[in-house]
Amino acid sequence: MSGRQVLARADLIGVRQSWDGPIIDADVHAVVPSLDALRPHLSEQWLEFIDERGVPEPWGVAVTYPPNAETTARAEWRPADGRPAASDLDLLRQHVLDPLEVDFAIVTCCYGIDSIRHPDFAAALAAAVNDWLIEEWLSKEPRLRAALVVPPRHPEQMLAEIERAGSHPGFVQVLMPVRSDRPYGNRIWHPVLCAMAERELVMGLHWGGTADGPPSPTGWPSWFVEEYAAEQQVYMAQLTSLIAEGVFQAAPGLRIAVGEIGFAWLPSLMWRLSKEWKGLRRDIPWVRDPPADLIRRHMRFTVAPMDAGPAEDMAEIVEWLGSDELLMFATDYPHGHELPFDRLLAATPEAARPKLMAENARRLYGLGEAAG
Amino acid sequence: MSDRFAVARVSDVPDGERLIVDVGGRSVGVFNVGGRYHALLNRCPHAGGELCRGELLGLLESDAPGEYRHDPTRKLLACPWHGWEFDIETGQSYFDPARTRVRRYGVVVEPGEALAEQVQTGESRLAGELVQGPYVAETFPIAVEDDYLVVTLRAS
Numbered sequence: 001m002s003g004r005q006v007l008a009r010a011d012l013i014g015v016r017q018s019w020d021g022p023i024i025d026a027d028v029h030a031v032v033p034s035l036d037a038l039r040p041h042l043s044e045q046w047l048e049f050i051d052e053r054g055v056p057e058p059w060g061v062a063v064t065y066p067p068n069a070e071t072t073a074r075a076e077w078r079p080a081d082g083r084p085a086a087s088d089l090d091l092l093r094q095h096v097l098d099p100l101e102v103d104f105a106i107v108t109c110c111y112g113i114d115s116i117r118h119p120d121f122a123a124a125l126a127a128a129v130n131d132w133l134i135e136e137w138l139s140k141e142p143r144l145r146a147a148l149v150v151p152p153r154h155p156e157q158m159l160a161e162i163e164r165a166g167s168h169p170g171f172v173q174v175l176m177p178v179r180s181d182r183p184y185g186n187r188i189w190h191p192v193l194c195a196m197a198e199r200e201l202v203m204g205l206h207w208g209g210t211a212d213g214p215p216s217p218t219g220w221p222s223w224f225v226e227e228y229a230a231e232q233q234v235y236m237a238q239l240t241s242l243i244a245e246g247v248f249q250a251a252p253g254l255r256i257a258v259g260e261i262g263f264a265w266l267p268s269l270m271w272r273l274s275k276e277w278k279g280l281r282r283d284i285p286w287v288r289d290p291p292a293d294l295i296r297r298h299m300r301f302t303v304a305p306m307d308a309g310p311a312e313d314m315a316e317i318v319e320w321l322g323s324d325e326l327l328m329f330a331t332d333y334p335h336g337h338e339l340p341f342d343r344l345l346a347a348t349p350e351a352a353r354p355k356l357m358a359e360n361a362r363r364l365y366g367l368g369e370a371a372g
Numbered sequence: 001m002s003d004r005f006a007v008a009r010v011s012d013v014p015d016g017e018r019l020i021v022d023v024g025g026r027s028v029g030v031f032n033v034g035g036r037y038h039a040l041l042n043r044c045p046h047a048g049g050e051l052c053r054g055e056l057l058g059l060l061e062s063d064a065p066g067e068y069r070h071d072p073t074r075k076l077l078a079c080p081w082h083g084w085e086f087d088i089e090t091g092q093s094y095f096d097p098a099r100t101r102v103r104r105y106g107v108v109v110e111p112g113e114a115l116a117e118q119v120q121t122g123e124s125r126l127a128g129e130l131v132q133g134p135y136v137a138e139t140f141p142i143a144v145e146d147d148y149l150v151v152t153l154r155a156s
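Protein chains in written order, with this note's numbering: chain A, 1 to 372; chain B, 1 to 156.
Please keep in mind that the hints were generated in silico from the structure rather than gathered at the bench. What you are looking at is a predicted structure, and each value in this text was computed from that prediction instead of being measured. Do not take every clue at face value.
[Said to hold, decoys possible] Once the Cα atoms are required to be at most 25 angstroms apart in a straight line, the calculated SDA-like pairs of lysine to any residue come out as:
no., chain 1, residue 1, chain 2, residue 2
1, A, Lys275, A, Trp223
2, A, Lys278, B, Asp63
3, A, Lys140, A, Pro22
4, A, Lys275, B, Trp81
5, A, Lys275, A, Gln249
6, A, Lys275, B, Asp146
7, A, Lys275, B, Arg103
8, A, Lys278, A, Asn186
9, A, Lys278, B, Ser62
[Claimed, not checked] Label pairs and their calculated CB-CB ranges:
no., chain 1, residue 1, chain 2, residue 2, range
10, B, Met1, A, Glu350, 37 to 45 angstroms
11, B, Pro111, A, Leu280, 22 to 30 angstroms
12, A, Gly253, B, Pro111, 58 to 66 angstroms
13, B, Gly16, A, Asp212, 47 to 55 angstroms
14, A, Asp283, B, Val144, 49 to 57 angstroms
Backbone N, C-alpha and C define an ideal beta-carbon position, used for all residues, glycine too.
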């Protein structure tokens with residue numbers, strides 16, 4: 001056990017051994033320790049509802065991140081007192097912000113709001129999570145920026161929460177769980193995506209979501225490993241939908257951060273979409289540019305978990321992306337992955353390394369120089 | 001040798017129709033679109049499909065999801081193999097007009113009388129004359145009272 005811990009820690013420390021330039025971590029998690037933590041941010045009416053019914057934690061949390069799974073938190077990042085990993089700002093500082101000397105880190109909070117079917121409670125809880133993020137994380141740590149949590153099913157509620165809290169300077173992104181009841185390109189979402197573009201909020205397409213449909217595009221898997229290891233299928237479906245439905249024509253300024261899914265799967269999707277578009281584009285005449293160009297123009301990808309294969313193949317995959325502006329360094333703290341950043345750096349042309357490690361994210365999120 | 005080939009009587013290619021003919025050993029599609037004639041190499045620059053057997057479709061464009069601009073007067077030829085669209089007027093592909101294009105040839109209408117004289121002087125030839133191999137040359141007698149389509153094999 002301890003041997004594995006040391007190994008696991010080495011790859012983060014290894015980042016600073018192989019890279020001394022600026023770092024922006026484009027995906028760290030903040031975990032709501034329990035529903036109790038949100039009580040100060042809920043109205044009396046909802047507190048009464050919770051107590052009267054005995055409302056539990058949203059079940060989506062445990063489905064998205066099974067509490068004791070290795071992928072949910074590295075052993076050495078789990079607090080000794082049994083609290084959930086990543087529920088404590090000081091630990092985030094100790095584990096990531098300080099040792100990596102990050103300029104900024106982008107916080108994602110997956111609280112399973114998507115698993116609540118009560119539309120009004122979902123909206124109230126999303127607002128509570130955002131207020132909690134402001135109070136407990138953003139206002140206490142100038143290096144943090146966050147993704148706004150929105151109720152996932154009703155566009156008008158999403159718009160209302162973006163309206164209510166989206167102008168807080170700490171929010172640079174809107175969290176959109178990759179599993180949704182309808183693909184995000186669908187026209188029902190266009191007003192929401194346009195609002196993000198207008199406010200210069202990035203759409204954060206991130207692992208998670210407890211949609212009406214199964215987590216694979218073809219039916220229910222039997223085990224968590226199937227769901228987690230092959231979730232790029234759903235990301236592919238979302239990217240395809242966003243392109244085909246003309247989202248980038250409806251909202252030309254929209255930018256998307258694709259999080260927690262790596263990038264090795266991307267080149268083949270770009271090739272295939274661009275290829276088929278040439279012959280099938282009459283279905284979707286609003287798509288006037290090759291899909292690969294749209295992806296390179298509008299989307300960025302966090303690199304963790306890393307799926308780029310053995311070192312000798314990694315450089316080729318990086319090259320196949322066709323742009324050095326797509327990748328954003330991320331630890332995906334506190335999740336437990338092998339993160340061979342030294343290999344990724346070695347596979348990245350020297351001129352592209354500052355972009356990978358910080359500048360692509362700095363540009364995407366409009367971040368300035370280090371906050372410290 | 002002349003690169004002008006008489007390929008068909010005008011009346012053989014009514015409006016909206018096409019003819020695929022062998023011109024100096026090359027397969028060429030001759031199209032009549034609204035009374036204007038176009039000649040294209042019958043070979044898709046993508047994978048070599050018989051482009052000129054594809055469908056002629058109106059130009060379909062859009063500025064926003066759900067909004068369609070369909071211009072039935074501007075025709076694109078869609079390759080029967082992979083659907084790539086080529087502008088019949090320019091030979092340019094829809095998706096990469098600068099670099100992916102099909103070869104176009106000039107096509108003019110010549111009265112039979114003039115054509116007969118050109119054939120005699122060697123200024124024009126009849127398509128099919130030089131065709132060898134398994135192809136059956138489509139030859140036709142020139143009638144002075146008819147008009148003919150003459151394709152120039154220099155790329156235009």
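We went through each hint and held it up to the structure:
no.	hint	in the structure
1	A:Lys275 - A:Trp223	violated, 34 angstroms
2	A:Lys278 - B:Asp63	holds, 18 angstroms
3	A:Lys140 - A:Pro22	holds, 22 angstroms
4	A:Lys275 - B:Trp81	holds, 13 angstroms
5	A:Lys275 - A:Gln249	holds, 20 angstroms
6	A:Lys275 - B:Asp146	violated, 46 angstroms
7	A:Lys275 - B:Arg103	holds, 22 angstroms
8	A:Lys278 - A:Asn186	holds, 22 angstroms
9	A:Lys278 - B:Ser62	holds, 15 angstroms
10	B:Met1 - A:Glu350: 37 to 45 angstroms	violated, 59 angstroms
11	B:Pro111 - A:Leu280: 22 to 30 angstroms	violated, 45 angstroms
12	A:Gly253 - B:Pro111: 58 to 66 angstroms	holds, 59 angstroms
13	B:Gly16 - A:Asp212: 47 to 55 angstroms	holds, 49 angstroms
14	A:Asp283 - B:Val144: 49 to 57 angstroms	holds, 50 angstroms
Hint violations for this structure: numbers 1, 6, 10 and 11, all remaining hints satisfied.
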